[in-house]
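**Student:** Sequence:
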Amino acid sequence: MDTVFHPTWTVGVIRVITQDQEQADAHGLLIERAFPQVRVVSRCIPDQPEGVHDAATKRTAEPKVIALACQLVEQDADGIIVSCADDPGVAEARAIVGVPVVGAGESMATAAALHEGPVGVIGITPDAPPAFPRILGERLLANLVPDGVRDTRDLNTPAGQHAAITTARRLREEGAAVIALACTGFSTIGLAPQLERAAGIPVLDPVTCEAQALLALLA
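One point on numbering: in numbering that gives the first Met the number 0, the residue at position 123 of the sequence shown is 122, and numbering is uninterrupted.
The hints are simulated quantities; they were obtained by calculation from the structure and are not laboratory data. Wrong hints could be hidden among the right ones.
For each label pair, taking beta carbons as the anchor points, the in silico distance ranges come out as [claimed, not checked]:
#1 75 with 32: 20 to 30 Å
#2 129 with 173: 17 to 27 Å
#3 74 with 19: 15 to 25 Å
#4 90 with 40: 19 to 29 Å
#5 188 with 129: 33 to 43 Å
#6 49 with 158: 14 to 24 Å
Remember, predicted model here, so these are calculated numbers, not experimental data. All C-beta atoms in this analysis are idealised placements derived from N, C-alpha and C, irrespective of residue type, glycine included.
Hey, can you work out the whole structure from these sequences and the hints?
**Tutor:** Shown next, in the form of structure tokens:
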């Protein structure tokens, strides 16, 4: 029987909320389970306890993301994932580091564009992250924030998760054919399958999409 060779890549995952290493590793572990050919090194940017949830926190995060991307490439990362739907520092890092760099926002929007019909977005900011209108154009149906959710930490509560389910059903009622989750905090708690069952339409998981996007470039 022929032996199938699976290449191994080292991927740097940048988290934009400051956490301990065990929490920082959460997205990397999801990627390694789904894609055994990948080894992930996860790092958090410093001094960002609320993550990225508005223009000010995005501006603060960008230079930190760029610096961390450079460090990870110096440590032999084959590619970089910025695990945030706002894609802070992605374009700038891409121009500097010499390896593929993807962000969750552009990865999600590109994956959503492969589906037919209107795209509903559930996020944590009043406006959809920039990649969504840029890539989807008029197919972007709506960007909704679950009641009571201000930043990624609010998703990790029963109230936040219940509000997300209500929001997913609302998007389906408004005509969405697919839902994109514009915050990687949804991946941390594994909420996409539950939202998909509740809404009855495909729900795209951010960490899965960003990993698939990077692997397509590395391949």
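**Student:** Take the hints in turn and mark each one as holding or not.
**Tutor:** Hints and how they fare:
With their beta carbons about 22 Å apart, residue 75 and residue 32 fall inside the hinted range of 20 to 30 Å. The hinted range of 17 to 27 Å is satisfied by residue 129 and residue 173, whose Cβ atoms lie roughly 22 Å apart. Checked against the given bound of 15 to 25 Å, the beta carbons of residue 74 and residue 19, roughly 20 Å apart, stay inside it. Remark: the range hint 19 to 29 Å for residue 90 to residue 40 is upheld by a beta-carbon distance near 22 Å.
Taking 33 to 43 Å as the suggested C-beta distance range, the pair residue 188 and residue 129 does not conform, at roughly 25 Å. For residue 49 paired with residue 158, a C-beta distance near 18 Å keeps the hint of 14 to 24 Å intact.
Of the numbered hints listed earlier, the single one contradicted by the structure is hint 5.
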